[in-house]
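These are the residues of each chain, in order.
Number of protein chains: 2
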Amino acid sequence: MKLAFLGLGVMGYPMAGHLAKAGHDVTVYNRSTAKAEAWTKEYRGQHRASPAEAAEDAAIVFMCVGNDDDVRAIALGPRGAFAGMKPGAILADHTTASAEVARELEREAKGKGLGFLDAPVSGGQAGAVNGRLTVMVGGAEASFRTAEPVMRHYGQAVTLMGPAGSGQLTKMVNQIMLAGLIEGLAEGLNFAMRAGLDASQVAAVIAKGAAQSWQLENRAPTMIEGKFDFGFAVDWMRKDLGICLAEARRNKSALPVAALVDQFYARIQERGGTRWDTSSLIHLLAKP
Amino acid sequence: MKLAFLGLGVMGYPMAGHLAKAGHDVTVYNRSTAKAEAWTKEYRGQHRASPAEAAEDAAIVFMCVGNDDDVRAIALGPRGAFAGMKPGAILADHTTASAEVARELEREAKGKGLGFLDAPVSGGQAGAVNGRLTVMVGGAEASFRTAEPVMRHYGQAVTLMGPAGSGQLTKMVNQIMLAGLIEGLAEGLNFAMRAGLDASQVAAVIAKGAAQSWQLENRAPTMIEGKFDFGFAVDWMRKDLGICLAEARRNKSALPVAALVDQFYARIQERGGTRWDTSSLIHLLAKP
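In order, the protein sequence lines correspond to chains P and Z. To get the numbering used here, take the position in the first sequence, counting from 1, and add 119. To get the numbering used here, take the position in the second sequence, counting from 1, and add 119.
You may find that some hints are simply not true.
Any copy will do: because identical chains look the same in the list, a pair fits if it lies in one copy or spans two.
What the hints assert, rightly or not - Taking lysine-lysine and the DSSO-like style, the derived pairs with C-alpha atoms no more than 30 Å apart in a straight line are: (1) K140 <-> K160; (2) K154 <-> K358; (3) K121 <-> K406; (4) K358 <-> K346; (5) K327 <-> K140; (6) K371 <-> K205; (7) K406 <-> K231; (8) K406 <-> K371; (9) K406 <-> K346; (10) K371 <-> K140; (11) K358 <-> K327; (12) K346 <-> K371; (13) K205 <-> K140; (14) K327 <-> K346.
These are calculated hints, taken from the structure and not from any lab test.
Let's have the full structure, built from the sequences with the hints guiding it.
This is how it looks when you write it as structure tokens:
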């Protein structure tokens, strides 16, 4: 299938790679050309100088960029994807962005006879590299049916959650849950260390019971070690929590702990941890 | 082996039952005699009128009561367990209590030539009934080696965490982690419902990723339903968080979210939810 992929960051680069490796004809675009050239070399695809040109012949145009502003620029700009896409083509946006921008892009797409899916992912860089992402999709069912088998090349779970924006809203729920979960984990492990317990043994025992979580099993060892130079960066988490808190004002849901944890991440940014993994919440407790 | 079990509440009753079913000779004591009689009938054991009498010939005396004051009364009172135990016997306390009372009881035990283990459990009533509890033990290794095979009759994991008090401290870590985890889950699910998503579908999708937890898999369905008349009661959680917060003042660890969630549980008590499951945190968000 003729595909395009716009945005070759830590997520987009390997995701586009999976599509090429699966035999699809992939044309890419990236703001910095060097990365597009490296990708083209590695996967024998083509790259173009603008989203519009890259999108020209594609049945599905994927994108994965930074934030709402980037999404608007890459999709709606004068040389943006919508300006190049052929009738009936689908734009699938893997960026974690607001539900509003998703609804806005769907309206624009409809007006042009195009399809649109918001399709944020979870699973991080490792999930993108291993093709084990969770893809949460919002949009029309017909577009989903076309895009879903293609997304399976990097998605272990690809699910239609509802109309446009529903993918983004689902991703928000994920980040809200993570905020409380990781802070609880950080407070527990820090308490364990200050109480003189063997925190690794405590984590292993607790993981057998009702406080079990993926984060406990996968992040406790590095939290105890104080190792944070990997994973999902605090800057990205703050971007995501900002989206959650803005949406919560609209749908009138209270997020007392997510809001508090967002402030903790602001303090981690202040102490230079902008690129640290989200598990660095324990740093504030261990070194207040 | 000759054993005693003191305290036949929702946990102690089935735990003592597992010991009898395994062929041990179990003598029980309970404050209200009716329960002791019922237990004796069901499991063909004996019951006595005081902890001292029940403990008389036992190699290991187990207890599972309400709080620090109950532990002190049952162990140290004039007709308490220590007054009846034979030299070399071990008192194993399954109550969730403070680390201080554990250290106090170990000192008392040593002075009398007895052994002491603090051994709080997690896994709830279901774990007690099914014999699948996690037992977190503090105390001397020799006492642990004697008691561990017996505890295995109701414990799927029985682990020595360190010296006296370490079992209690480990249980505290568990409760601290749960506080943040359940509040994160509650905020996420409430947000999902207010955003118009299918919260059950959202929970199923998110459980495949980095926000996976036992609580998400086992409590999301009832949280979405608003069903809380089961499980681990808010009153008990407040007792446990009270112990955690007091210990945190001593070991100087910050518990910003656990302290906040403790206040949320206080509000649930005020609205009549004293016996609701801990997952009722979502009730405050759904019906503020």
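Status of the hints after comparison with the structure:
no.	hint	result
1	K140 <-> K160	within (13 Å within a copy, 69 Å between copies)
2	K154 <-> K358	within (24 Å within a copy, 56 Å between copies)
3	K121 <-> K406	neither (52 Å within a copy, 50 Å between copies)
4	K358 <-> K346	within (22 Å within a copy, 34 Å between copies)
5	K327 <-> K140	between (39 Å within a copy, 25 Å between copies)
6	K371 <-> K205	neither (39 Å within a copy, 63 Å between copies)
7	K406 <-> K231	neither (54 Å within a copy, 43 Å between copies)
8	K406 <-> K371	between (35 Å within a copy, 12 Å between copies)
9	K406 <-> K346	within (13 Å within a copy, 40 Å between copies)
10	K371 <-> K140	neither (44 Å within a copy, 54 Å between copies)
11	K358 <-> K327	between (33 Å within a copy, 23 Å between copies)
12	K346 <-> K371	between (37 Å within a copy, 22 Å between copies)
13	K205 <-> K140	within (24 Å within a copy, 73 Å between copies)
14	K327 <-> K346	both (24 Å within a copy, 25 Å between copies)
Hint violations for this structure: numbers 3, 6, 7, 10, all remaining hints satisfied.
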